[in-house]
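Colleague: Order-wise, the sequence lines are chains A and B.
Taking the numbering used here, the leading residue of the first sequence gets 481, the next gets one more, and so forth.
Taking the numbering used here, the leading residue of the second sequence gets 481, the next gets one more, and so forth.
By construction, these hints were calculated from the structure, which means they are not laboratory data.
Treat the hints with care, since some could be wrong.
Which copy is meant is left open, because identical chains are indistinguishable; a pair holds if it fits in one copy or across any two.
In silico BS3-like pairs for lysine-lysine, Cα to Cα no more than 27 Å straight-line [to be verified]:
#: 1; residue 1: K550; residue 2: K493
#: 2; residue 1: K991; residue 2: K1199
#: 3; residue 1: K502; residue 2: K805
#: 4; residue 1: K1287; residue 2: K1221
#: 5; residue 1: K1135; residue 2: K1159
#: 6; residue 1: K676; residue 2: K876
#: 7; residue 1: K550; residue 2: K816
#: 8; residue 1: K676; residue 2: K991
#: 9; residue 1: K1150; residue 2: K925
#: 10; residue 1: K1199; residue 2: K1159
#: 11; residue 1: K897; residue 2: K1077
#: 12; residue 1: K1142; residue 2: K676
#: 13; residue 1: K1159; residue 2: K1295
#: 14; residue 1: K1077; residue 2: K1159
#: 15; residue 1: K982; residue 2: K1159
#: 16; residue 1: K1295; residue 2: K816
#: 17; residue 1: K921; residue 2: K1150
#: 18; residue 1: K835; residue 2: K787
#: 19; residue 1: K991; residue 2: K1142
#: 20; residue 1: K876; residue 2: K654
#: 21; residue 1: K1287; residue 2: K1150
#: 22; residue 1: K1077; residue 2: K1221
#: 23; residue 1: K1159; residue 2: K1287
#: 24; residue 1: K1229; residue 2: K1295
#: 25; residue 1: K1221; residue 2: K615
#: 26; residue 1: K845; residue 2: K897
2 protein chains.
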Amino acid sequence: MQKKKPSKNSQAKWVYRFADGKADGGADLRNLLGGKGANLAEMTNIGFPVPPGFTITTEVCAAYYGNDRKLPDGLQGQIHDSIEDIGEAVGAQFGNVSNPLLVSVRSGARVSMPGMMDTVLNLGLNNETVLGLAKRSNDERFAYDSYRRFIQMYSDVVLGMDHGVFEDILDAHKNLNGFSSDMELDAMDWKLIVDKFLELVEVELDEPFPQDSNMQLLGAVEAVFGSWNTARAVTYRRLHDIPDEWGTAVNVQAMVFGNLGDNSATGVAFTRDPSTGENVIYGEFLVNAQGEDVVSGIRTPLSLTEKARNSGGDTKPSLESLMPKVFADLSDIFNKLEAHYLDMQDVEFTIQGGKLWMLQTRSGKRTTKAALRIAVDMVDEGLIDRETAICRIDPKGLDQLLHPTIDPTAKIKIIAKGLPASPGAATGEVVFSAEDAESLKLAGKAVILVRTETSPEDIHGMHAAEGILTSRGGMTSHAAVVARGMGRPCISGASSINIDYKAQEMTAAGKTYSRGDVITIDGSTGNVMAGSVPMRPPELSEYYVKLMSWADEVRRMGVRTNAETPSDVRHALEHGAEGIGLCRTEHMFFSGDRILKVNEMILSEDEAGRRAALDVLLPMQRGDFKEIFEIMSGLPVTIRLLDPPLHEFLPREDKDIEKLAKAINVSFDKVSQRIDALKEFNPMLGHRGCRLAISYPEIIEMQVRAIIEGAIEAAHHSKAPVMPEIMVPLVAYVEEYTLVKEVIDQVAKQVFSEQDTELEYTVGTMIELPRAVLRAFEIAQVADFFSFGTNDLTQTALGLSRDDAGKFLTHYEAKGIISVDPFSSLDQDGVGELVAMGTERGRAARAGLKVGICGEHGGDPASIAFFNTCGLDYVSCSPFRVPIARLSAAQAACETRFTNDTL
Amino acid sequence: MQKKKPSKNSQAKWVYRFADGKADGGADLRNLLGGKGANLAEMTNIGFPVPPGFTITTEVCAAYYGNDRKLPDGLQGQIHDSIEDIGEAVGAQFGNVSNPLLVSVRSGARVSMPGMMDTVLNLGLNNETVLGLAKRSNDERFAYDSYRRFIQMYSDVVLGMDHGVFEDILDAHKNLNGFSSDMELDAMDWKLIVDKFLELVEVELDEPFPQDSNMQLLGAVEAVFGSWNTARAVTYRRLHDIPDEWGTAVNVQAMVFGNLGDNSATGVAFTRDPSTGENVIYGEFLVNAQGEDVVSGIRTPLSLTEKARNSGGDTKPSLESLMPKVFADLSDIFNKLEAHYLDMQDVEFTIQGGKLWMLQTRSGKRTTKAALRIAVDMVDEGLIDRETAICRIDPKGLDQLLHPTIDPTAKIKIIAKGLPASPGAATGEVVFSAEDAESLKLAGKAVILVRTETSPEDIHGMHAAEGILTSRGGMTSHAAVVARGMGRPCISGASSINIDYKAQEMTAAGKTYSRGDVITIDGSTGNVMAGSVPMRPPELSEYYVKLMSWADEVRRMGVRTNAETPSDVRHALEHGAEGIGLCRTEHMFFSGDRILKVNEMILSEDEAGRRAALDVLLPMQRGDFKEIFEIMSGLPVTIRLLDPPLHEFLPREDKDIEKLAKAINVSFDKVSQRIDALKEFNPMLGHRGCRLAISYPEIIEMQVRAIIEGAIEAAHHSKAPVMPEIMVPLVAYVEEYTLVKEVIDQVAKQVFSEQDTELEYTVGTMIELPRAVLRAFEIAQVADFFSFGTNDLTQTALGLSRDDAGKFLTHYEAKGIISVDPFSSLDQDGVGELVAMGTERGRAARAGLKVGICGEHGGDPASIAFFNTCGLDYVSCSPFRVPIARLSAAQAACETRFTNDTL
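One chain only, chain A, in its complex shape:
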């Protein structure tokens, strides 16, 4: 075709065509054509039945925004030529009254953004071509139904009208005629509706609905580009770290119709089960329907396969039984797609008059559970290698697997049942709006977001919620897709639930649940339960175990955990922790009635009083350490000396102060005064960390004695060697470290001499203040190891209190100053340079210095990749995040960390 009608604008190729097994582009042009466009081209080249069409490139989007929202010169001509080509390919003509070509116009960014971008179908219809369509399809009802859909969609997406007003007209007409479903309307009804729709548009916009097909098309193209910058698209990009400048492409494609009668259908499918990863076709379809009917959840779709139909208990036939030939073609295509793309595919297809058309293919979103199975299976099937498999898994998604599930022995009260749309169980207070979800979450509440269906406007609320419950929609509805992506448990289509937004309540199983009432959902079974329900820790699949073992083989960095309670330590070990990177001794101070002794120590007026209280605490802490050393059985344990300011241990409320005063036999006033005296303006920058050790060496003397004695006892009882690493917090001056280390060595020496034994131990320091980074070369000369405390390093480098920043960081994200909370993911440009600098300066002074990191960032994939680049020896994170860290470290070692691009 290109040869016949070359583009009139040779200077810039804005448009890439695909038709009849031949395309200008291919999968390699994803950045230019967007994911959808590249795949359409690719599928065309492979020889799949793809409706002919063309893609307007992402460069046009950039040009559009670069040129004050005007389409670039030359584009119109190229579109014109291309649409003529489509017409030729399908034997119709754009705007032709008797044989009109209809097209779909869809967005298509580099990365799939489900539900984010607007789509227009049936474009090309007007008051005259609708007659031609009626005649050619021999179905007047279909033609007017299509026209009214087009008007409705176009008016909404391109002309900016509220789509509700069209629904109102339709509802009014149905009420007037006593119709309960769209199916009851005939051609005349739709014709009437079309007239009313056109009238409405003209009244609202003061000009008639555009009748010129070319104008319709240009309007739709601009609308797609415009939708790139709607608030909801911007939010999605922010949440998924997608750069604004990527832009979207526009795909214009000949319409095929799944609603041309009973031998027509439309459906969506995954080449494997996106929920479990099982290698079975998974999907839904609707006879005599258009694609939007499936996705919107208005009608409940049918199963593709007999097997799924049987297990789902559907009464209606599957595609496999209804259209066996088409189903066989589809299966065949699925196999070829996987062989070609080497990944599970998410496809849209339409059957028009018995002929199968492939509308779209893309890597399918999947649960992490499914991702693991698919990756491992594909390695077993010889499709991909292990490193590819490792990089196929979103480390953050492993969170899903670690979610608790409903305890099977629990007595539960099921109040409704829906589709198991995203696995995991969650308990929370019912809320009915995204705003409520977000504000209650900020107030520290766990919430379940309950909606009839969700829309992109709800994404921030879904993010804030523990789980999502909808009364409508299928497994591929917006709620289901987005929740799976987020790793949130989700039940969709729980149709027995009635939601009353105005009253802020829902009824289920005859009972009313108001905003704030607690329910539990199980996204793996679809059960909605009243109240909160006992849960069980998740079991990890064989696929998980296999893939993680591959990851462990690949990664360079060690993974430790931040833990101090025996249960946390065991939990972390189960998840593969290779040591403790941060044991916060102060957490032990809170357990049981120790806090009383701790308070007595803090409130003592002199060293003697403090020592007396510390003597009581010593055997308790010794016992704690002994237990941890025994559990860790030879793995390294880094113990941080007391860090928080002393006032954090003291009571705040008068009644608690009174209790304490009585318990330690001191007057209320005296206790209050001492508490007041200890208060600080900026505790984060106050009397804490090694500063306490400098002022009250007796505290760390007790702690070090407890560590060394505990280690000796543990080594005595177990056969494994015990290797304590004692860590000094908040060092700014090497002199601080040296003074504290002297105390440590002195106490250790004394214990060794008392017990006539010796034990290896090392002493190192946190690097968590900018000054420590700058003086790392000095500190490394006397410290055995460094551990970056990136929480405090972030607070100090950015001058940002983690406890206070929540209030305004949202403004920062909204205004694009930051793309991600620097406490969640390392600020690589700033804090990152400090980590690199500290490591470099430290190792310059002491070759091979062991350097780790034990801030929150130790569990964040992007940060872990950065730490790998810095040459850190290990990361340490919360027990829950150990698997994430193991996988992220492996991906970092592969140098192809998981990104949204990967799928």
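Chain A is fixed; fit chain B onto it per the hints.
Modeller: Below, chain B alone, put in the same frame as chain A:
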């Protein structure tokens, strides 16, 4: 002499001799011989009458501490040889019963440490040599008096006994015999006292007082070395930044006696007046006395010159009239000393039987007022050049000149009169101990430290006090010397005051003043006044003006001020400020009843409410700026946009909240709630600086409008150009800066268009967060200037809250972790590297970028020298410190900044 008896230890020269116009060393060996030893050698070489002696070097001190407090091998032999030489030079012999050589043993560090190191006189006396001394001096009373002094001093300093117990024996003897003064005791009395002293020593120490002169000497030498590490010496070094490793030398010198009758005397003198700088001999002497009698303040000394006697109203004769020949010798020596040392000298001398002996010379401590006059005079006299003169002045001392003086028109109630020991006036609560002075100072109180006399143990209290008052002692007493050095107003010898430490009160002019009562002292007149008294700003002398004009010619860096009130701005201009480096707009928010509108703005629930309140504030701020621009008349004015967190403006007490609630017509509860909601855990790291501008752009819109409109008005009214520099605080991300700058430029543009005029202005940023330093290369691309906020940069780099650090930084200083509070003097190793890095990175992106500093450190001499090295363009400091900054910047340019070494 050396030739006759070469040292037996050729391998190490531990001892340097001086005698008869010839010395082993000289002034150039100050580091080895200490200041005193080097000067004794130098004076000997010049030919002054110096009692012969030798110096044990500072290396011996190092060897002593390096060798577990043992004197090095070979030292004893060298001492032995040297003491024989002394004996030969004076015709006596150490330990010889009939003709005993007596020596003094004195410390002498590289830097003068007055009162810090212990001294032993009359060493060599024992039960037998005392007889020889009596015979040779023909004065038995003198001999036993000397012996009892020696026992008392030696027992205190070398044997570690409490000197009070000796005083008790003496007092008991005097009471028993009805004596009121030492003069009444005759030879037999002293003999009896000596016996009792010897008995006491033997009882207390279980062994007799050492009778072997050589053992006495070695003991004294060790005691001098030991005294290098007493707590008070360590404290002094810490306060004066003197390294511990310097060590002290020991000077052993033949005794000469000022107490050998009425043609003997002892005195101290300055070659010029150390208080005014006038080129007149200044000093005191006592007939028939030893040096300690003058310094201790027990007897009130006489004037050296007739002129001083007359002006002081003394009834007793001056040295000039009493011993004209000796006085003429002394005057001649003073002239030669100044010509030799090119500086004013502080000398100690003794007249023994009419013969003058020079015991010591050193650069004399002086008031800053005197230092200025001496430096300027010496330039005029051709002794030194201007740069030397500039570097002779301790910039910190300029504080003294800027101290207020008593308003001469004020009605004052003088309750006592003492010596004008250190200039300046001060008001404060009376305290009677150094500890109280320190703790009340920490509690924010101004205090006057009142003591009978002060001792080195009181130094920390003198530091904490606004002024010092003693009831005893002369102009060269400990209190006077130390107070002058510190720049604290001081009155000494106010003998009419009676101090009762136990009752914590003093009586003066018949009235009792308790701890906490307020008094005022005038260190320039010696007047002690009741209550607080109106004061006047100081007038600066012609010498000051001249020297500062030389400084201004020499310095490279500009000096600006941190000021925002018209009076402060004028004050700073008078002191030579060349611009405003930091105008804190928020200070203006507090004036008058504006704070109400500010609170209304803060408590508004929406932007509209905030804007309404801001509209009221606009004309007020505009007026402020206009006034400042007019006062500054063309000099640059850097205005910082709102910086502190909003809660700092809100009331805290319930009654104030109630008042506010009423005033803005909102319920108490609502106001309380809003105040609570604004509270922060770490305000220093909270919602402040440009973060406010991001959240509430309307606030800075108002501020920028006020600045630009004020500037236009000022430019209109005055002829001078107006050049506002708008400064964005607390930038961490370049994106923050860019957003705020957009708002600034937009408002400016709008004002220009409204008023149809234009005005130049620049926009820059504070660099006060480590991240801003790291990203300086980015920020400099869009910022016209940088200003380092070293207060916040110190807080963040060190993770140290200025408001909370006071509590534990004292521990840090005590333990030697830091030598100086990093908020007073820049932490050059840490924060300093950030300043250098930020400057370098900023200028790499924008050549010639204007960089200043506006933290507290802008007024600290050591920090200013560092900033000069970094290439900063200017420093900005409080108005009071502008002269200090000007002088420091000049010294930095001379590259010979004032240090303790200079004097």
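Colleague: Now look at each hint and say whether the structure bears it out.
Modeller: Comparing the hints with the structure gives:
1. K550 - K493: Answer is within; shortest intra-copy Cα gap is 17 Å, inter-copy 92 Å.
2. K991 - K1199: neither (59 Å within a copy, 81 Å between copies)
3. K502 - K805: within (25 Å within a copy, 123 Å between copies)
4. K1287 - K1221: between (40 Å within a copy, 22 Å between copies)
5. K1135 - K1159: Both: 18 Å inside a chain and 23 Å across chains, each within 27 Å.
6. K676 - K876: neither (50 Å within a copy, 88 Å between copies)
7. K550 - K816: Intra 41 Å, inter 91 Å, cutoff 27 Å: neither.
8. K676 - K991: neither (41 Å within a copy, 104 Å between copies)
9. K1150 - K925: between (36 Å within a copy, 23 Å between copies)
10. K1199 - K1159: neither (46 Å within a copy, 53 Å between copies)
11. K897 - K1077: neither (51 Å within a copy, 57 Å between copies)
12. K1142 - K676: Answer is neither; intra-copy 80 Å and inter-copy 58 Å both fail.
13. K1159 - K1295: For K1159 and K1295, only the inter-copy Cα distance (24 Å) is at most 27 Å; the intra-copy one is 36 Å.
14. K1077 - K1159: Result: close within a single copy only, 20 Å intra versus 31 Å inter.
15. K982 - K1159: Neither: 46 Å inside a copy, 34 Å across copies.
16. K1295 - K816: neither (45 Å within a copy, 75 Å between copies)
17. K921 - K1150: Cα proximity of K921 and K1150: across copies only (23 Å, versus 39 Å in one copy).
18. K835 - K787: Within one copy only: 23 Å inside, 126 Å across.
19. K991 - K1142: neither (48 Å within a copy, 47 Å between copies)
20. K876 - K654: Neither: 47 Å inside a chain and 91 Å across chains, both beyond 27 Å.
21. K1287 - K1150: Cα proximity of K1287 and K1150: across copies only (19 Å, versus 36 Å in one copy).
22. K1077 - K1221: within (26 Å within a copy, 54 Å between copies)
23. K1159 - K1287: Both: 23 Å inside a copy, 11 Å across copies.
24. K1229 - K1295: So K1229 and K1295 pass the 27 Å test across copies only (22 Å; inside, 57 Å).
25. K1221 - K615: Neither: 92 Å inside a chain and 63 Å across chains, both beyond 27 Å.
26. K845 - K897: For K845 and K897, only the intra-copy Cα distance (24 Å) is at most 27 Å; the inter-copy one is 92 Å.
Checked against the numbered hints given earlier, this structure breaks hints 2, 6, 7, 8, 10, 11, 12, 15, 16, 19, 20, 25; the rest are met.
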